[in-house]
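Number of protein chains: 4
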Amino acid sequence: MQPMVDVSPPKWHLAHTSWFFENFFLLSAYLPNYQPFHPDYSYLFNSYYNSVGNRVQRNQRSTLTRPPLREIYTYRQHVDTHLNQLLQNLDKDDVSELMPLLELGLQHEQQHQELLLTDIKYILSTNPLMPAYQTKPIKNAEESAAKATFLSVPGGIYRIGYTGEEFCFDNELGVHEVLLPEFKIMNRLVTNGEYLAFMQDGGYTDFRHWLDEGWAMVQQQHLEAPLYWVKQDNQWFRYTLHGLEEINPHEPVCHVSFYEADAYANWAGKRLLTEFEWEAASQVYLPGGGNFVDSNMLEPQPALASETGLQQLFGDTWEWTYSAYHPYPGFSKAPGAIGEYNGKFMVNQMVLRGGSCATPANHIRPTYRNFFHPDKRWQFSGIRLASK
Amino acid sequence: MQPMVDVSPPKWHLAHTSWFFENFFLLSAYLPNYQPFHPDYSYLFNSYYNSVGNRVQRNQRSTLTRPPLREIYTYRQHVDTHLNQLLQNLDKDDVSELMPLLELGLQHEQQHQELLLTDIKYILSTNPLMPAYQTKPIKNAEESAAKATFLSVPGGIYRIGYTGEEFCFDNELGVHEVLLPEFKIMNRLVTNGEYLAFMQDGGYTDFRHWLDEGWAMVQQQHLEAPLYWVKQDNQWFRYTLHGLEEINPHEPVCHVSFYEADAYANWAGKRLLTEFEWEAASQVYLPGGGNFVDSNMLEPQPALASETGLQQLFGDTWEWTYSAYHPYPGFSKAPGAIGEYNGKFMVNQMVLRGGSCATPANHIRPTYRNFFHPDKRWQFSGIRLASK
Amino acid sequence: MQPMVDVSPPKWHLAHTSWFFENFFLLSAYLPNYQPFHPDYSYLFNSYYNSVGNRVQRNQRSTLTRPPLREIYTYRQHVDTHLNQLLQNLDKDDVSELMPLLELGLQHEQQHQELLLTDIKYILSTNPLMPAYQTKPIKNAEESAAKATFLSVPGGIYRIGYTGEEFCFDNELGVHEVLLPEFKIMNRLVTNGEYLAFMQDGGYTDFRHWLDEGWAMVQQQHLEAPLYWVKQDNQWFRYTLHGLEEINPHEPVCHVSFYEADAYANWAGKRLLTEFEWEAASQVYLPGGGNFVDSNMLEPQPALASETGLQQLFGDTWEWTYSAYHPYPGFSKAPGAIGEYNGKFMVNQMVLRGGSCATPANHIRPTYRNFFHPDKRWQFSGIRLASK
Amino acid sequence: MQPMVDVSPPKWHLAHTSWFFENFFLLSAYLPNYQPFHPDYSYLFNSYYNSVGNRVQRNQRSTLTRPPLREIYTYRQHVDTHLNQLLQNLDKDDVSELMPLLELGLQHEQQHQELLLTDIKYILSTNPLMPAYQTKPIKNAEESAAKATFLSVPGGIYRIGYTGEEFCFDNELGVHEVLLPEFKIMNRLVTNGEYLAFMQDGGYTDFRHWLDEGWAMVQQQHLEAPLYWVKQDNQWFRYTLHGLEEINPHEPVCHVSFYEADAYANWAGKRLLTEFEWEAASQVYLPGGGNFVDSNMLEPQPALASETGLQQLFGDTWEWTYSAYHPYPGFSKAPGAIGEYNGKFMVNQMVLRGGSCATPANHIRPTYRNFFHPDKRWQFSGIRLASK
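Just so you know, the sequences run in chain order A, B, C and D.
Heads up: the first sequence at position 153 corresponds to 1088 in this note's numbering, and the numbers run straight through without jumps.
Heads up: the second sequence at position 360 corresponds to 1295 in this note's numbering, and the numbers run straight through without jumps.
Heads up: the third sequence at position 369 corresponds to 1304 in this note's numbering, and the numbers run straight through without jumps.
Heads up: the fourth sequence at position 212 corresponds to 1147 in this note's numbering, and the numbers run straight through without jumps.
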């Protein structure tokens, strides 16, 4: 089922990630005599690549009640088997062409691993039974979060974008320098407890904290808390992948929109960072640790009270920045279908940085740019403040 | 999945029909110490009974990804077992109260058996693969349909409504007499071939045949054929429960809205019957035969060329009448939840008569009143004409 | 301005009624060398006649900020002058053809005179200033309304439809007989006071009184009173063409939908009449009097306490019947544009009878069939009950 | 009338601009014993200031059929008279507080003078008669536009934002330095002729040129040309304030959305400027001239073929930049209602620079930031390119 257009049926994610390897010239172009698993799958499991041809409309993915799940697994195995075959017999001349595509396919699958979790969470949350995805309880690292402080980042010229030798997405290129004035960055993510203080202070009923379109959203949707928060007997709970749980005030607040993040910052007398400030801070403070999907806790964890420095910059929750998702200077789209991967979305969305508790640890980088519309809340998205 | 609000997920039908027996005072009221299968099911599987309490909104039934199908089957077995237990130990005093409820529950389940087929057909038709529900080919009774003629029904006073001793729905009561002038009724259903002539004569492009709201629907939805008809390489096919098949010109046309039925009648220089004329004709001609779900052909069949008289009055397709679904004189709603079964829908819908190839043979009667909004097309609905 | 699709700008009504005489073959067909006033007006002021050609979409009538009002008046004068010219030089052979068209044009203009008032009322009611259209105060005939009683109408066969020699609309033809059982009809319209009792008894919060689609409308639109009712300081007022006024409990309730009329009847343990019962009662009781637009009071008036018999059958408020607006037996549409006048609307609407305080007195007849969708409330529509 | 939510009725603009002086503490706070013209006007003519209280919803402005236009003019005179009175008797202590508010009110009125023209143009364009606002023909400066060239702007650190002594809006503050690489800027605006080449090359049918949301807009709205362009007999015309006119290939293309501007730039192998690059170029090239509302031509004019250097940077058309409308570093909102003027719109909109042929000449500055959503087309918005 597909409760909103942003969310895809899990079965679709499973098929689409293998579809990516079958198309994009990998198996068809490099494996001699390769036969596609099914003539309709190119149509069924294309997400948004106009270059690849027609496709099932994004809001129609729940029509795919067939093929059944077991056939999708057979499809995945078929693609994997042939990919292995291709890799074992690879012509040396092809390596330099093929490897970047293969790498892109793997990175793409990691992105869908995260989406699988966010989408399953949303799907199950619409079910009146509010079922748990994982029955293992969340183990929280600490009982109380680190005290909030603000760390100074000196003004100056910073290099932005990916300059390493490993994989990066095209939207991290167009490496360039930016001139930043000095600023201060919060040492950890904003907690549920801090956000509750905003709520209890009338945060959702005072227009002065809000951007106009955020305020319109609050009023039209009668918002009064982050997504998944439920009030029962005058106490706040939240739906998690472990089922309905009491709010832990020490955990980072999560599933807020950009509008909520910005309103909270205004209420607190602070502001959000730009993506350039965020990236500069990551160069100055070299943060470590982080709670990723690898821990299998599937919830953001409290910052360590025992630590100083810049915590939670990676993992736990994506951090909304006050930067529109635009091309870097000199950015250019690749030709063909790969050029549709990122570039065509560079309007109306805001950049998020740092990954979340649903992101694979080896998928994230200081230069990684995630992006969503400012009203979206179903991602593991949270808040870090800058001092004005 | 739920591709439109009229269609429910098959799993929901399975649970809702057992829900009907568990609620409506059957198990809870008559079986001592009965424990409901699950405390939430009363909420999950209530269709539209305000008297029974809150419920999952009709357009949200696809949120019920849990409970899984196997648990629904356990639920059905649980209800069946306890119903048997109740019936075997029934107090004689309770028989007269309980039996009508039990009968209603069985009739209700028959209605959902038909809806299961119409809904599955719609769901599978949205799938780009157009999969077959039943691989057995349709066996058509004859190669050519009976010649169309019009049979005369004398004017006079007819008794309308159910006067027998068996089960009927409350909407068949309020038995009363109507005065009808003489009229002529077509001996069989309109065929695909006849409807194609309407289409080829520009039926969908000439406003003069159409009611204004029908014409608006034609233009907004760009209609040019009945539901499930698909043109490929200049030839018309239709999606059936057996997959995509060529149009058989001898079969009754099916899956048309009231608007299309009325436009066809206008084009043909005829009109639709009222429900009173239809019922009067059934008294005059005592029709037999009919193709029901029991034949498992799941498609309307050609009228027998070898027969005379009034054919296909029952089975094959529901017949749109030009009668609004209103209460008969003296109709009164039962108290409580049962009163919500039929009466509250008595506005904005048109009456259909006679059952279809998806109706159980022992479910239909000459006085049976089915009803749908005039734009609906996913039922097995067809056309019979009256002469002006 | 056009606050909803049902309402047209007053200027449009003024032009459209003259448009009717210019088109429909009157001036163009019968007056030699007639030059249309403006080549675009046929397009601008066509309401819904597909036969006459393209037109401004119904919901786009407010785009006509030009031509200005003074030009519309010039247009009206131009048409009137030429009509007079035509009438004074009329060839005798043309009289029999032309007079019915001319009569239809005049009747059409009377209908728009009523619509002008209902539309102006709606337009002004959306203005936060709630301005008065007419400053003259309403003079109510009596301080208290007649006591409610129910008058008996004997069962039998009644002739329905227009059989006279004067003008009638085509939807009154297809004169036919209906067989009716005995019933009782309320002697006057339901009053505001009686309707308030329904409201105070929780009428708008108890689903049991309502048709399902009526109940959905109540909940979606948060209805709690008739259209134009406003609660201020715990007292009910209503917007009238004289401005905002206190509710007069003796006046007939007005601006209710069919759903509200039906819910009120259910709450009161009564029902609405069918249009056939209404017409039969008008034959049995020969009612007189009535408050029409001619009185210029523009509000329904209390029934006379001093009178007995069937009051208010004509004038004051249109009376919702529980009859769908369908063709009478033998009804046939005229060829050409005139055939679009009534016939194409014969689905999804309910019949109202008797005229209102906005209807010209010489426009109404016992056989007159008005029709609106069951959710409409901006007409002067009220309630008369039948005893079950 | 109000054909879309962005457009206000002209009468509303007239009242709202005087409303601004009456509220915002000018007359009420500084003129002793001032009586507001009408107690409801504060409610009727508030645009979007939550701080000032409730208001007529933005999409409901056409409900204000009353007060009539003559009363609005009386209101304007009332406010002007009292403002003059206030200014003549001004306490010296109040001057420093009051003058910035008065200046803001005048600048505000200039903005609405431009909106009046863009809104009247849109309103008249929806009228099937396509009437002219101004019958005086457009006099185009030259027969052919200057040849397109690209002028180099050196890389380096530029100061952004307003540093002068005169009036500026708060969104121009937060003066800061940006580091820019070298770039090239087009010497004039893109012409209709150049844009036609894009159209004729299939610009509106090739997804590769478009941002994804722009492409969705093209398909949903079936776009194939700028707003107001109409094809008749295979030739393109455009609706102007002078009526329907043939496309002049030498005039700047106008009434394009950001999506169209960006697609055109991609097709041309170029890109749009950022607002920082635009402002830097204005510092390097010191452009002069420009066609403003003062010329009363109300259409963008061809660039002078006789001139070199940076033309049309001011006037003619607003220029879409590829910069989101976000706060400058250190931006802070004023307290109270004035704080709602600009800051709360700083999301989801793109910056436009330079003013248009509908802008008063003395209203524009090199640092002036206009902003609209990327799909908007009813402003006089055009295109200037940067070389990649």
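What the hints contain is simulated information worked out from the structure, not anything from laboratory work.
C-beta atoms are modelled at their ideal positions from N, C-alpha and C, and glycine is treated no differently.
Careful: at least some of the hints might be erroneous.
[Stated by the list, open to error] Some but not every residue of chain C turned toward chain B, in silico, with C-beta under 7 Å: (1) Asn981; (2) Asn985; (3) Asp1105; (4) Leu1108; (5) Val1110; (6) Glu1112; (7) Phe1142; (8) Leu1146; (9) Ala1259; (10) Pro1264; (11) Lys1279; (12) Phe1280; (13) Pro1309.
[Said to hold, decoys possible] Okay, derived cross-link-like pairs now, EDC-like style, lysine to aspartate or glutamate, Cα gap no bigger than 20 Å in a straight line: (14) C/Lys1323 - C/Glu1129; (15) B/Lys1119 - C/Asp975; (16) D/Lys1311 - A/Glu1242; (17) A/Lys1074 - A/Glu1242; (18) D/Lys1323 - A/Asp1105; (19) D/Lys1205 - D/Asp1141; (20) C/Lys1279 - B/Asp1310; (21) B/Lys1279 - C/Asp1105; (22) B/Lys1205 - C/Glu1078.
(message) Tell me the hint numbers this structure goes against, listed in increasing order.
(response) 1, 3, 4, 5, 15, 16, 21, 22
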